[in-house]
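Novice: Those protein sequence lines, which keep their order, are chains R and D. Numbering of the first sequence is given in my numbering, commencing with residue 30 and proceeding in unit increments. Numbering of the second sequence is given in my numbering, commencing with residue 7 and proceeding in unit increments.
Quick caveat, the hints were computed from the structure, so don't treat them as lab data. There's no promise every hint is true.
Using C-beta positions, here's what the derived DEER-type ranges look like [said to hold, decoys possible]: (1) R:Leu147 / D:Pro27: 50 to 58 Å; (2) R:Gly116 / D:Tyr31: 37 to 45 Å; (3) D:Val160 / R:Asp156: 41 to 49 Å; (4) R:Val31 / D:Trp60: 49 to 57 Å; (5) R:Arg57 / D:Glu411: 13 to 21 Å; (6) R:Arg191 / D:Arg21: 21 to 29 Å; (7) R:Glu183 / D:Ala216: 22 to 30 Å; (8) R:Thr150 / D:Arg53: 49 to 57 Å; (9) D:Glu419 / R:Leu147: 53 to 61 Å; (10) D:Val160 / R:Ile121: 44 to 52 Å.
Yeah, the Cβ is synthetic: ideal placement off N, Cα and C, and Gly gets one too.
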Amino acid sequence: MVSQTALAAINLHSILRNMEDLCDLDERAKQLIQNHKKAIRFCVPQMPPLTLSFENGKCKASDEAGAHCDIRLKFTSPTHFNQMVSGEKNPIPTKGFTSLGFLKKEFMALSQILETYLKPTEEGLKDRIFAEKSTILTAYTAFFALSQIGNYDELGKLSAGRIEDGAICIDVTQGPAVTIRVKEGHMHTEKGFCKEAKAFMNFADIQVAEGILRGTLDSYACIGKGLLSVKGKIPMIDNLNKILSLVPVYLA
Amino acid sequence: MKTYEYNNSQALFERAVKVIPAGIYGHLGPSEGCFIPVSAYPFYAKRAKGAYVWDVDDNRFIDYMCAYGPNILGYGHEAVDEAAAKQFREGNCTIIPTEKMVTLAELMVDTVASADWAFFAKNGGDVTNLAVMTARAATGREKIVKFIGGYHGVAQWMQSLGYPGIIKSDVENVLAIPFNDVAAFEQVVAEQRGKIACLIATPYHHPAMADNQVPLPDFWQKIRKICTDNGIILIIDDVRCGFRLDVQGSDHYYGFEADLICFCKALANGYNISALCGKNFLKSAASSVFYTGSYWLSAAPMAAAIETVSILKKINAPQMLLENGRILTEGLVQKAQKHEFNLLVTGEPSMWYMRITDDESNVLHQRWISECVRRGAFFASHHNLFMNCAMTQEDIDLTLEIADEAFGVVAKERA
Numbered sequence: 030m031v032s033q034t035a036l037a038a039i040n041l042h043s044i045l046r047n048m049e050d051l052c053d054l055d056e057r058a059k060q061l062i063q064n065h066k067k068a069i070r071f072c073v074p075q076m077p078p079l080t081l082s083f084e085n086g087k088c089k090a091s092d093e094a095g096a097h098c099d100i101r102l103k104f105t106s107p108t109h110f111n112q113m114v115s116g117e118k119n120p121i122p123t124k125g126f127t128s129l130g131f132l133k134k135e136f137m138a139l140s141q142i143l144e145t146y147l148k149p150t151e152e153g154l155k156d157r158i159f160a161e162k163s164t165i166l167t168a169y170t171a172f173f174a175l176s177q178i179g180n181y182d183e184l185g186k187l188s189a190g191r192i193e194d195g196a197i198c199i200d201v202t203q204g205p206a207v208t209i210r211v212k213e214g215h216m217h218t219e220k221g222f223c224k225e226a227k228a229f230m231n232f233a234d235i236q237v238a239e240g241i242l243r244g245t246l247d248s249y250a251c252i253g254k255g256l257l258s259v260k261g262k263i264p265m266i267d268n269l270n271k272i273l274s275l276v277p278v279y280l281a
Numbered sequence: 007m008k009t010y011e012y013n014n015s016q017a018l019f020e021r022a023v024k025v026i027p028a029g030i031y032g033h034l035g036p037s038e039g040c041f042i043p044v045s046a047y048p049f050y051a052k053r054a055k056g057a058y059v060w061d062v063d064d065n066r067f068i069d070y071m072c073a074y075g076p077n078i079l080g081y082g083h084e085a086v087d088e089a090a091a092k093q094f095r096e097g098n099c100t101i102i103p104t105e106k107m108v109t110l111a112e113l114m115v116d117t118v119a120s121a122d123w124a125f126f127a128k129n130g131g132d133v134t135n136l137a138v139m140t141a142r143a144a145t146g147r148e149k150i151v152k153f154i155g156g157y158h159g160v161a162q163w164m165q166s167l168g169y170p171g172i173i174k175s176d177v178e179n180v181l182a183i184p185f186n187d188v189a190a191f192e193q194v195v196a197e198q199r200g201k202i203a204c205l206i207a208t209p210y211h212h213p214a215m216a217d218n219q220v221p222l223p224d225f226w227q228k229i230r231k232i233c234t235d236n237g238i239i240l241i242i243d244d245v246r247c248g249f250r251l252d253v254q255g256s257d258h259y260y261g262f263e264a265d266l267i268c269f270c271k272a273l274a275n276g277y278n279i280s281a282l283c284g285k286n287f288l289k290s291a292a293s294s295v296f297y298t299g300s301y302w303l304s305a306a307p308m309a310a311a312i313e314t315v316s317i318l319k320k321i322n323a324p325q326m327l328l329e330n331g332r333i334l335t336e337g338l339v340q341k342a343q344k345h346e347f348n349l350l351v352t353g354e355p356s357m358w359y360m361r362i363t364d365d366e367s368n369v370l371h372q373r374w375i376s377e378c379v380r381r382g383a384f385f386a387s388h389h390n391l392f393m394n395c396a397m398t399q400e401d402i403d404l405t406l407e408i409a410d411e412a413f414g415v416v417a418k419e420r421a
């Protein structure tokens, strides 16, 4: 069963967080924010806020409560935030009333570009460069969603609680890498490879990651073929896989 | 030393994934079997004899997994195979059972110290599940107590919430406590007074991917008394340890008596049969449980079991396995020390668990195991290993030579 809180956490900290990578990968996105210096904070109850800071054609995502913001958007509940994402309701601005134009114009345009990558058409995926970027963003979405499901979904919390404290590194050869840090059942995803992790999961290349994350490749068959490999503390990976199997429930 | 390649295995796997979920599902497959990395392991066997398995690339391995336990006398044991073959010729899966069923039950009762009767099925999970159903039928209670990490099969109640296919109601009556913790058992018994049907446990704690724990002195005697005092059925899952510690049952080895005891794996040296044995006071409860299967009373595996158990008793197999396991594990520890690794060996020597403790992640251990496999010693990195009666001193010496060279490879990488 989909938890509204887990869904909101995914919408916030795995999907919207992608703005950071979108502005690196997509030239249109970069151009849209080239001359803007704005920071937007999304405050959703029951979870850390997300601040997206745009400056010099780059975006930085932060979940630190003390980050500077120019625009603050408040939501009354996780469900309210999910309704905003699906276009049913509006946020409640509590700061930055004179900057709302950026939100309505540039930020809205960025969201639309992001959607083309995260919900690509079959036609779009025929373009190899677009498909690769789409996979990178999809991979980051899924990798960051793992922590949100582990922290907020009822079954996800059970699996997260079975993961011993330490870092799990997930990477795509010559592609994105994230490190998931687990402490007392709480998970936190951050970008980058971690050599000191206790457990490792590697996708042989971006096409394998694409196939597994989109469900067109069988992950077990990929393990047998050496296209998806694991090492280190396998119980950590086993429990992470249980959470990974819940990702499509939320991202479908 | 030559290292192996697996071109035929990999080609066969390519065919398999097209028509079989996961290519090879379950514990024999590369995923659940923790083939790390997969390139170090064979996927398919061509033949097996004694202590050895040959893969489809004609590489020979000393099999220290023993098919995860069933191979106890050696693959293709002539006397066992002949007993089974004779029974196949005479009649196997028939409309009424054969005399072999009675003979095997009598043999089990005469062999297993705590057994007054025997019930036969196919896999270990069949009889661990039957044991729990019998306990519930006898007590009218719902709750099952087990030890954290204890493996008793794959039925829903044996898994955990969050695992694919498992729902809350499957596991809500299962309570898990730490092994070797009498106080935890006393506490759960006090909290659930009158509700606990059984405690199910392996005779010593041998979970996968964790150091194994033998029982503390008096642990089982204290647990036995608490069970008796509170009307809780004590079930020993001897599926994995059975006949590798004591032919009379692993409860006998540790000096107590189970109410119900489950056997499978080594019972028939690879023929498919399992057994639940129990005390008289539970016989009518076992009869009352509706529990059967198309092949459970097949006679050929029973003939194989009769021959296997008879030989195991005659040669005192557990003593041989424990002793050879001790020689091998001491040698492995010495080889590790030579290369400045610390190899920790836990559990009982006939089915020991080992782990290089020099890195927290197990990556070094997985590397060493993979280099051993590539050279012909089939170990698993995540699970206890097994000895069998066909292994010779020559096999042990070769294994130590392989281990030495494999440690050398890993030591060089570490440097």
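Novice: Hints first: check each against the structure and report whether it holds.
Specialist: Results of checking the hints against the structure:
1. R:Leu147 / D:Pro27: 50 to 58 Å: Violated: the Cβ-Cβ distance is about 29 Å, outside 50 to 58 Å.
2. R:Gly116 / D:Tyr31: 37 to 45 Å: Holds: the Cβ-Cβ distance is about 43 Å, inside 37 to 45 Å.
3. D:Val160 / R:Asp156: 41 to 49 Å: At 45 Å between Cβs, range holds.
4. R:Val31 / D:Trp60: 49 to 57 Å: holds, 51 Å
5. R:Arg57 / D:Glu411: 13 to 21 Å: violated, 57 Å
6. R:Arg191 / D:Arg21: 21 to 29 Å: The hint (21 to 29 Å, Cβ to Cβ) is violated, given that Arg191 (chain R) and Arg21 (chain D) are roughly 36 Å apart.
7. R:Glu183 / D:Ala216: 22 to 30 Å: Holds, at about 26 Å.
8. R:Thr150 / D:Arg53: 49 to 57 Å: holds, 52 Å
9. D:Glu419 / R:Leu147: 53 to 61 Å: Between Glu419 (chain D) and Leu147 (chain R), where Cβ atoms are some 40 Å apart, the hint is violated.
10. D:Val160 / R:Ile121: 44 to 52 Å: holds, 50 Å
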